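Enquirer: For reference, the chains in residue letters:
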Amino acid sequence: MASKANKPELIVNGKRLDGRDFNQLRPIKIEANVLKNATGSAYLEWGNNKVLAAVYGPVEAQPKHMADPSKAIIKCRYSMAPFSSLSEHNRSGPNRRATEISKVTKEVFEKVLMLNEFPGSQINIFIEILQSDGGTRAAGITAASVALASSGLHMRDLVYAVSVGKIGEHLVLDLDMIEDNYSDSDMPMAISPRNGEVLLLQMDGEYTKDELERAFKMAADAGKEIGNVQRNALKSIYENIDSKYKGE
Amino acid sequence: MGAIDIVKTAYIKQLMSTNLREDGRGFNDSRDIKITTGILQNAEGSAQVDIGSTRVLAGVKLDLGEPMEDTPNEGTVAMSADLLPLASADFEMGPPSPEAIELARVVDRGIRAGKCVDMASLFLEEGKAWNVFVDIYVLNYDGNLFDASEIAAMSALLNTKVPEYVDGKVVREKRIKALKIDNIVTSVTVANVADKILIDPTGGEEEAADARLTIATDGKYVRAMQKGLGGSFTQKEILDAAEAALNRHGALKQMIEKTR
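In the order they appear, the protein sequences are chains U and L.
Following the working numbering, the numbering of the first sequence begins with 567 at its first residue and continues without gaps.
Following the working numbering, the numbering of the second sequence begins with 4 at its first residue and continues without gaps.
It should be emphasised that the hints constitute simulated quantities derived from the structure, not laboratory data.
In this text the structure is predicted, and so the values were computed from the model without any measurement.
The reader is advised that the hints may include incorrect statements.
To be verified - Derived CB-CB ranges, DEER-like: (1) Asp198/L <-> Arg780/U: 25 to 31 Å; (2) Asp213/L <-> Ala647/U: 30 to 36 Å; (3) Glu791/U <-> Ser100/L: 55 to 61 Å.
Even for Gly, the Cβ is constructed at its ideal location relative to N, Cα and C.
All chains, full assembly: derive it from the sequences and hints.
Expert: Next comes the structure, spelled out in structure tokens:
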């Protein structure tokens with residue numbers, strides 16, 4: 567989101583730089599249960615984004631004074647690997663951006679998980695961005711959702727996330743890094759597909775009320791496609807279970 | 004949550020079920036807002052904003068620095084927020100909390116997306132530009148820090164006088180020229196408490212809230228949004244809040260301009 571010098575033409579002949587239509591997602595692949603130690607995990611590729619998500623717990627809440635006697639608490643860490651971006655080496659450890667994303671991601675899952683089932687305990691969600699190409703928070707939430715489902719923790723819904731941006735007058739789905747850098751607006755959202763409720767909403771740029779309405783519609787349509795990939799990832803844990811056991 | 008908070012939260016939710024708020028306001032009523040500018044002399048700009056008993060102070064400093072690599076003909080603006088331990092028994096000492104970082108970043112996004120500060124006017128000469136620091140100091144917490152901070156930051160920027168720059172040196176004693184501000188952004192924050200949407204939540208209402216939504220606008224466009232807390236909003240609730248924020252902008256802008 568910046569009007570920097572040398573802004574490339576992001577839309578040529580009605581297509582985006584990578585050839586996508588305005589309402590087209592990048593290819594998404596998800597594999598569930600990829601890490602042995604974790605209670606649940608998922609590996610996701612979303613365009614050039616590569617994301618690992620893992621869930622540990624419930625475990626006893628630490629430090630003890632953070633424990634909630636009525637429900638489990640969630641701890642969430644979104645983090646970008648120092649080698650994750652095409653530009654220079656990132657300093658490791660959470661920066662201000664990562665701290666904010668960790669916070670809003672945690673808040674997505676507070677309503678989704680049945681936290682009242684585990685009073686006094688803590689559920690850890692770790693999201694590691696191994697390779698970034700725009701839209702990593704949405705990719706992280708979509709992956710974490712599958713990791714949580716594969717952990718067996720009870721959930722109200724399989725949440726997905728996606729962003730809708732604005733390039734010139736066009737609303738465009740799922741901005742990649744170049745589009746994100748030079749677009750006029752960006753609005754990441756996490757949505758509960760069962761009832762359309764919005765669990766994460768961030769936005770900067772310029773949207774009229776009418777554009778917001780259209781952006782919600784685009785996100786809802788994309789949710790059907792993302793949800794299919796998520797569900798298939800979970801299904802395939804069990805589809806191949808026979809050969810997995812026979813093979814080992 | 005301590006015992007008193009639990010009792011107070013239950014009380015607020017019970018009141019909500021009979022369509023009442025703890026301070027007697029309607030769901031769409033904001034508390035009185037008071038803006039005071041120019042209260043600090045060493046800072047280049049300052050403003051204090053009171054919304055009910057929430058009190059936020061914003062100070063602006065301009066330092067001589069360098070442009071960013073990708074914007075060689077512009078200065079920079081950086082925003083920070085401190086939830087001071089003296090502002091609430093619940094605020095702790097130590098490094099900035101996720102809440103403080105979120106607050107600063109959301110206020111920053113509204114002002115940045117609204118293109119409020121004329122970034123080119125901060126350029127001085129090849130390799131030299133003003134670095135503008137806006138520091139938000141929360142002095143007393145009673146809810147709705149987002150709107151108070153947005154107004155405080157905006158008002159402090161409008162109050163800012165740029166130091167003289169002579170022969171590569173900053174002369175802070177001479178501050179005549181006003182910082183060039185091109186647009187004014189204000190925000191409206193709503194909370195979802197017991198499945199009802201209310202505007203300008205108090206501290207108690209935020210404690211009882213499932214979700215919070217801040218919408219920053221310049222009257223024409225929605226410039227920034229942020230949902231907070233664990234709950235959710237329907238799309239209609241978001242669009243209604245956007246409309247409320249767009250409609251309310253004019254009055255807030257007038258208030259800010261009057262006190263510059």
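Enquirer: Any hints this thing doesn't respect? Which numbers, in order?
Expert: 3
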